[in-house]
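From these two lone chains plus the hints, build me the complex, please.
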Amino acid sequence: MPTQHEPTSHASAVRRIVLFSLLSASVPPVATNAQTLQAGEPVTRTIPGTTVSFDMVLLPGGSFRIGSPLDEPGRDEDEGPQRMLTLGPFWMGTTEVTHEMFSVFRDRSLDDDVRADPDHPFDADAVTRPSPPYEDPAHGMGGAGRPATGMTRAAALHFARWISEKTGRLYRLPTEVEWEYACRAGLDDAFGLGVAYQDDAESITNLLLERAWFDANSDGSLRDVGTRAPNRWGLHDMRGNAAEWTLQPYAADRYASLSDGPAAGGEPATSTRGRGVVRGGAFDDDLRHLRCADRFEETSAWKRRDPQVPKSRWWNTDSPHVGLRLVSPERAWSTAEITAYWDAILGAN
Amino acid sequence: MDRRDFVRTTTATIGGLSFVGQPRIARAQPSGRDPIRVGLIGCGGRGTGAAVQALSTDQDVQLVAMGDAFADNVENSYRALTEFEDVDLTPRINVPPEHRYSGFDAYERVIPHADVIILATPPGFRPMHFEAAVNAGKHVFMEKPVATDSPGVRRVLESAAKAKADGLNVVVGLQRHYQTIYREWVDRLHAGMIGDITLGRVYWNSGGVWVRDRQPGQTEMEYQMRNWYYFNWLCGDHIVEQHIHNIDVANWVLGGPPARAQGQGGREVRDGLEHGEIFDHHFVEFTYDSGATVLSQCRHMPECMNRVSEAFRGSNGSAPEPGRIMSASGHTLFEYDDAEDPNPYQVEHDELFAAVAGGRFKYTDGENGAIATMTSILGRMATYSGRVVEWDEAMASDLDLMPAHYAWDAPPPVLPDANGRYAIPVPGYTRVL
Chain A
1 MPTQHEPTSH ASAVRRIVLF SLLSASVPPV ATNAQTLQAG EPVTRTIPGT
51 TVSFDMVLLP GGSFRIGSPL DEPGRDEDEG PQRMLTLGPF WMGTTEVTHE
101 MFSVFRDRSL DDDVRADPDH PFDADAVTRP SPPYEDPAHG MGGAGRPATG
151 MTRAAALHFA RWISEKTGRL YRLPTEVEWE YACRAGLDDA FGLGVAYQDD
201 AESITNLLLE RAWFDANSDG SLRDVGTRAP NRWGLHDMRG NAAEWTLQPY
251 AADRYASLSD GPAAGGEPAT STRGRGVVRG GAFDDDLRHL RCADRFEETS
301 AWKRRDPQVP KSRWWNTDSP HVGLRLVSPE RAWSTAEITA YWDAILGAN
Chain B
1 MDRRDFVRTT TATIGGLSFV GQPRIARAQP SGRDPIRVGL IGCGGRGTGA
51 AVQALSTDQD VQLVAMGDAF ADNVENSYRA LTEFEDVDLT PRINVPPEHR
101 YSGFDAYERV IPHADVIILA TPPGFRPMHF EAAVNAGKHV FMEKPVATDS
151 PGVRRVLESA AKAKADGLNV VVGLQRHYQT IYREWVDRLH AGMIGDITLG
201 RVYWNSGGVW VRDRQPGQTE MEYQMRNWYY FNWLCGDHIV EQHIHNIDVA
251 NWVLGGPPAR AQGQGGREVR DGLEHGEIFD HHFVEFTYDS GATVLSQCRH
301 MPECMNRVSE AFRGSNGSAP EPGRIMSASG HTLFEYDDAE DPNPYQVEHD
351 ELFAAVAGGR FKYTDGENGA IATMTSILGR MATYSGRVVE WDEAMASDLD
401 LMPAHYAWDA PPPVLPDANG RYAIPVPGYT RVL
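Line by line, the protein sequences are chains A and B.
The first sequence runs 1 to 349 under our numbering.
The second sequence runs 1 to 433 under our numbering.
Mixed in with the good hints there might be a few duds.
[Unchecked claim] Calculated Cβ distances over 10 Å to all of chain B for the following chain A residues:
no.: 1; residue: V57
no.: 2; residue: G143
no.: 3; residue: E210
no.: 4; residue: P230
no.: 5; residue: D260
[What the hints assert, rightly or not] Examples of chain B residues toward chain A, derived with CB under 8 Å:
no.: 6; residue: V52
no.: 7; residue: A80
no.: 8; residue: F84
If you are wondering where the hints come from, they were derived from the structure by calculation, not from laboratory data.
These numbers were taken from a predicted model, which means no experiment stands behind them.
We treat Cβ as the ideally placed atom computed from N, Cα and C, and that holds for glycine.
Okay, chain B solo, but in the shape it has when bound (with noise of 0.2 Å):
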């Protein structure tokens, strides 16, 4: 059987969504207890995407609040998730027009109606409301990455800390870590399959994400809400925002952090003024404690070698793409196939879920999340700065750029010049501590 096979020939059940025959979700909870109650904060595609997953577990659950910094995602999301076609969700919806929240504090009024929290907003946000919601005593599913700062991601392992401490469940969003090819190969990785890891190799290149223009009336801080993608305060940069991914295989498979990085980077070919501050390329070279390097490039540019993957080699042989172990000599050791597999997207709620439907207390990502952002960070600090950037000093940067004062009408960190455009990173000058 191939991959199109199987799910052609069976009533596939895929990520916990059954594709065929009737939805398995039911209103009534059997033993009579409470469905476990959940709020969405961040209501784009990702957002939805995650709200589509938690109803979609075994578990009984319901959707209560819902919030976002703007009315009409709310409102979009909220149609989404009730007319969604694979499966209906109506029952598992309850967020009356009075729980859908907008504006800068509507994290802070969707919170207290539920048991665990989705928070999907850009990165940016992501300590001060996950904050929130441990301080509040919830369950956390949240996005990556988890910070765009160094400040950020110091309160996030504050908070992770608090968490645990607690007995609160947290996953994050870095789903390598919830899909078997990833779980499977990293195991033998660990286990000495191919001895010491010498050298790792990691990428994100693609051809670049949405840009949203700049709407007549719109106050500079409604366009860069709007346009996130492209400043750092929101996003954190691509290789924050996206190459994340690779880059926490890399800190998994060599067992932790980077003690230094240096690299280089810039804008080649996106340097439009609707493409704000951050760069298109960058190419980093991670030194670990252990004498490791990983070297890892990611790119945002159309019609260039498209690659997103990860490979290391070791002393006794290599790994050259997930689920592949190959010998010194290249005989293949480990093939997997994981045509078969769940959605990691689904599995992180289905292990989440059940873990708080059986009170259990698992779960503790948000320390891992934190290094690995902290990791792509230090990435974006080496590229930036065009210097090495140790480990520590990236890790007790004071450097902020968060704004002080969030409202529509409040200067965001950056602001454009008289021709529109955005202050650029120049690599040598820039400074990034």
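Looking at chain A on its own, in the form it has when it is part of the complex (with noise of 0.2 Å):
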């Protein structure tokens, strides 16, 4: 189990608490039929070449109402229409990827599969790495066990075709769809807590304290994955710490497009163009950021400092709270599906 630190003490913690509003009395959580579902246990994975591991578990499939109620505090207008979908199981990282996993992909150096064999087909030349950042992406929070942060969309996706071909699994950055589903884990609530409690927002952040790293513990900085409790299937930091990317570019009429029933087959498709959507909320967030149902659209401020132009395709100057999980389906693909996926979103390597 992950160490569990101390909660801030209550005082401090309503003291920060700003934005949220208080609305209706008393929300039972409902239940959808994915409630009584269960995950799997969490299966380690080590990254060949290295002593990097890290930790997925298999997401029941199940159905669950996407978005939010007109009536939810903090609510957004993107957050609608909700709609009732149903997904067939897949597999999620428990923790947002760490500075360990990323630095591989980073720095070659570190693979010693690429160190034994020059001609190994993760050297330098085969694989798109990031260009070293001009200021610490991170801007001094991240670290060994911390979640990598600061890179862009972009470079999220290649990290999740770097890992798909060097592991020969399909990794890659989960829909909004999937982010929610795996965020509420069969929950109805708007933060996914899954017990009975008073809406307001001393309760609801006492409640939050063991479970997130947001604006009333984390002292204002990222904190190390999976030291905060985790949801009912086993996810920690689905809600603060980092910001998560997830894989689409952000519409704010994207749920109108869809319809009730089962979730969009198939993978789907993306581009590394548009602006994308971080999910999840992060370490300087308050409640509002920190409900399943909020999204957050990247923006150009993300980049504000960046002084060169083209800006830097790798990083930005400006959003050390965005980082990223994997999912990865629960059918094994073959190298050339895997390829085929890969080559359609970011282009032949």
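As structure tokens, this is what we get:
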């Protein structure tokens, strides 16, 4: 079990709440059929050529309601209309991608396979690796055990391609549908808490103190992954710590284009162009952005201090709060399928 | 509202660039006056970025000429500008192929076309380019640092004095001077909010920057010009090229440059042939006439503690980071939220071009740019030599790092040995004055 930190004191947490408005009095969690479903045991996977490992968990298939009801405090219009969607099982990382994982991608010298064999397929010529950032993209908050942050969505996609090709298993960013399904873990309340609670900011904050790193307890910094309690499917830090890139560009009317029923089958198309969307809120966010339904569109401000044109395709100067989490399909994909998938998104390597 | 809500929920104009809606750039000049003509010298990523900012001001500005040592840099920059996505800059770009110049003399051919010259080549060339622009009577935006050796600094000081006498605006890309959080912070430190400043700590600790590999067929001169970060005549070492920002803030807060410096540095991790002759870390103790000490550290090593910042202590409190001031007993006296502030890279150009358009003489950054550069070079002299180096002797040094002759087949001032290795400074032995 990950270490549990002492919750921040009740009083200081409450003082920090400024935005969350108080509406209805008491909202019990609403069960969907997924509430009875259980995730599998976490499986540890190691990046070949390294001792760096990460845990994935198989989430059960099920149905859930995406988006937020009109009366949810803090709701934005892009969180509707709500739809009832059905998904099959898929794997998801129990934590955000760590600094150690992303570093193997950044720095080929950390990879024994590449060092031992200059003709290894994952040498510098075959893999598109990030250029060094001008300043630390994590603003000094990163490092061992912390989420990797500050990369662009394109860089997150390239990382997923790299780890797919290196491991022979498809890894990619989650769609927003997959992300929200996992965050809710079968529960229909705004925070995926799954317990009855008084719907006021103080009560919610107290419940979240042991379950998330956010502005009430993070002391303004990224924290080690997996050090707050997981949700009921074993996923840590879905809310808070690093906000997480999702697969596709942002569209305010995304849900209007969805229909009740099975979520889009197969693997969704995407592109590196367009502004992305991050989910889950971050260490410096308040309750509003910790809601499962919250969607946050990438902004130009995340590159505002990049003095170069063209701006870095790999690093943002001002998104030290944005990282990523991997998902993987339940079915094993062939090498040819994996190559074709990434070629379609990122172009042939 | 937090910093991200602001940009999410408003039609944000950040740094003068409208991100939403139609760009406000117009071709026509209602008053019928001629547009301000801009020439770009140095077409890498920073020069291109500076050109975007020049073309994004409220004034009627046209880019009319571009130059770089390398023709491919000019063409890539031209393409990046004409295809810039945040805003359509093409109404303001008027650079026909015959006004795109390459070669070591490209600067001489750009200057006659323009009213304002942007200088953004590697810093070794800055003294020569700045002198030429000022002698031609042009306003200048130039990137930091402004030289790599003492003769270069003196040449910039002479040109800065001439620009001042001739009423030419000069802005230097030490953008913290154009960043509201720094202006507000330093104003309060100057006003004595923490008493007399006794100690400063300034940092640029990061993972390092790009490397450009040697290509078949390159002359040594071309290789060094491409991989310029690792050669002192071009770059000045990272204590000069990057850490100048933080060292300059120390001078700003303390009201002038230090009297002397001593320090240490070396190449502990970044020691490949492709890493030329520069150090990967420096730690310098600067002493000021007031008795204040500034401790400066800069490091280019991956996977270490990263910090780019400045902090000061005074006789009556502390200023632990930009925008924050504390009393001696630990109470916050001042805390500045810069979430909605404009982009300082844009403010530099907004203010410069407003002055030029209004016929006002307002900006004389050349001298401070030269002093900040000299202070950084003083730090490098201290770490390379391992000795105490006095400001006066450093400023008077005739050690000239620049080549005697500029041509692709000319020898650069440092050459590799038979193993491809360049001479690395040795503290205790290396001559720096």
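Hint check against the structure, violated hint numbers in rising order: Violated: hint 2 alone.
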